[in-house]
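Protein sequences appear in the order of chains A and B.
Just so you know, the first sequence maps onto residues 1 to 382 in the working numbering.
Just so you know, the second sequence maps onto residues 1 to 382 in the working numbering.
To be clear, the hints were calculated from the coordinates, so they are not data collected in a lab.
Incorrect hints may appear among the rest.
Examples of chain A residues lying across from chain B (beta carbon under 7 Å, computed) [unchecked claim]:
#, residue
1, R45
2, T77
3, I111
4, C214
5, G296
6, A379
All values reported here derive from a predicted model rather than from experimental measurement.
Positions of the beta carbon are idealized from the N, C-alpha and C atoms, including for glycine.
Here is what each chain is made of, one letter per residue.
Number of protein chains: 2
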Amino acid sequence: MSVTAPKGFRAAGVAAGLKAHGLDVALVVNDGPEAAAAGVFTTNRVKAAPVLWSQQVLRAGVVRAVVLNSGGANACTGPRGFQDTHATAERAAEALGIGAADVAICSTGLIGEPLPMDKLLLGVDATASALAEDGGPAAAEAIMTTDTRPKTTVVEGAGWRVGGMVKGAGMLAPGMATMLSVLTTDAVASAEALDAALRAATRVSFDRVDSDGCMSTNDTVLLLASGASGVAPSAAELAAAVTAACHDLAQQLVADAEGATKEVAIEVVGAASEDDAVEVGRSIARNNLVKTALFGNDPNWGRILAAVGTTAAAFEPDALDVAVNGVWVCKGGAAAEERSAVDLSGRAVTIRVDLHAGHDAATIWTNDLSHAYVHENSAYST
Amino acid sequence: MSVTAPKGFRAAGVAAGLKAHGLDVALVVNDGPEAAAAGVFTTNRVKAAPVLWSQQVLRAGVVRAVVLNSGGANACTGPRGFQDTHATAERAAEALGIGAADVAICSTGLIGEPLPMDKLLLGVDATASALAEDGGPAAAEAIMTTDTRPKTTVVEGAGWRVGGMVKGAGMLAPGMATMLSVLTTDAVASAEALDAALRAATRVSFDRVDSDGCMSTNDTVLLLASGASGVAPSAAELAAAVTAACHDLAQQLVADAEGATKEVAIEVVGAASEDDAVEVGRSIARNNLVKTALFGNDPNWGRILAAVGTTAAAFEPDALDVAVNGVWVCKGGAAAEERSAVDLSGRAVTIRVDLHAGHDAATIWTNDLSHAYVHENSAYST
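Please build the complete structure, drawing on both the sequences and the hints.
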């Protein structure tokens, strides 16, 4: 049920002609009684107009509606792009009888092209007319770009819920997240509590997806609370539920990444700090030679060590251990178990690196680098 | 004539069976009268045994011979790997009647496998017997791995020369360099002068090649001076000639990079500092979405801006200009000239980014990301 699983939310998705076919405009409305919200956004310094707009909206900690469109990122579009985002918020506000300053906007698609505003504004009207308490799935479908399937989640609390949707298949490496995502809850929670829960959640979920090392201009994750359940969970309960929802959605991103044939978990253990573990995991995740080796079902641990060696993390080269799908192919920085013992025929791959430098750990999720990735991304805008 | 173009050097390349076919062991000997030398090495913290050995040799500033092998990197091979390198140096020293501490070693090939020492040592004997004043081309051929052609250079000074050879086609991104290279000169120069010239040269040549973002464990560039010309150039003359030689070899690396269909110069201008320009250029060079777009002949400047946005360089997003092959497709952070005006049908591509933040500049050389790169690197070790 996506974002409409919690009480107090309606949503819709319509086809407005922004894409050649399929739904492309979504609307999520928080009917309250409360309207607290939090958001995290790309740390890319080249930010799309809707990101700049939504960051302003979130400053007040109140969001009553979110308009999302695929078929265009509205990024690198100059002052006109920001005016277009403003006009979109005004149109939704008018249709809903609320203020435009309470309407967040998310866009995704090609960078550098202005949105066809005539089509988008009619699409906003259509979504407002189509709002429904079971509209979550349509909204999740309308935000897809190269995604092959909609991605949604529901996490049950004690008398309250978190629902969510996400899109993202390429340009998929976090500055904070990597995609558009709207999470909803009918819990009673302040904007500050939502912000704390959302940052805790994204830090260990979306932030640790690194499919292709490329950070987007449009990454946005919003968390909206209606309070409609009447239940006020503790900060820990809220954070746990939001983290579970983000984790589920993040795994769906990795599972549907452009052209991927492998879903790879890089578990770095024995690190002197969590930051070290993340740095090492990300270095491996972004190494094209590791990624092509995985595509070729090759447990090439030498490339993994070469990637580890480029980091500033604490470790001694002759103390590094590496396991691929449970086989310790490298111990003490040199060959150990036979690499032929590694079974890479399946889609799931786990790389475990023990730095032997401490007790911290982190997992980064990534994909292989395949012919299909090259094909899809060499033909996207032309 | 490669490394034997300057007076005072002999070289050889033989087939010792380390690779399935072709030459695979090279020897370069400095017959003097002088034997000053300098070296720069990978900054990867996971360093191959021959790198650790050669760093020790270079500490004294004297190199009388260099043994190079393809067919195995001798990286991540533990204490045995270092013993093997030591034994190789001893064998060459014995054959040449010099000390092992004056013999540098370079290895390249698969990481993590021990070298077949019986074959290698017989190969060292064979190269010592085959040493010739015109042996440079054979040496250049013997260090090839996935290179499709040997890469050599000669730069003429006033009565003296610099000669050189390089190998490298993958794992091609600098910590300092990205490959094995031996440069020779018959100039009279101290080890300190050679070191200064070599560091100045690699900083603006090999260090600015970033083919695939992956830093090797074995990168080594050596500069040997025989003094046989009797000419002592100024520091500036020496640096200029060594820089010209390194630049020529670096361009040959980019031209022969694994699976590449484009040779891309990323010129970053208007930077607040040279470091900023290098950071921006490298971020673009390492962005897989930019690289696949170039493979698809797509002047996708939005992806270029997204890559620039991930850096800490000084710039304002709405002041960025981007030209692809001379067409300013982006001005002021938004679309400008028609992207259809860009001709990407050729192999040479120039991306020019103006940060409008100062007066410094730097150029990074890279390649596209092609099906052939994925194919070659998914099938390398298996």
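To see whether the hints hold, each was checked on the structure:
At a threshold of 7 Å, the smallest CB-CB gap from A:R45 to chain B is about 4 Å, leaving the interface hint in force. Hint on A:T77 holds. Least Cβ distance to chain B is approximately 6 Å, under the 7 Å limit. About 3 Å separates the beta-carbon of A:I111 from the nearest beta-carbon of chain B, less than 7 Å, and the hint is met. The beta carbon of A:C214 is positioned within 7 Å of a beta carbon in chain B (closest approach about 5 Å), and the interface hint is therefore held.
At its closest, the beta carbon of A:G296 sits 3 Å from a beta carbon of chain B; the interface hint therefore holds under the 7 Å criterion. About 5 Å separates the beta-carbon of A:A379 from the nearest beta-carbon of chain B, less than 7 Å, and the hint is met.
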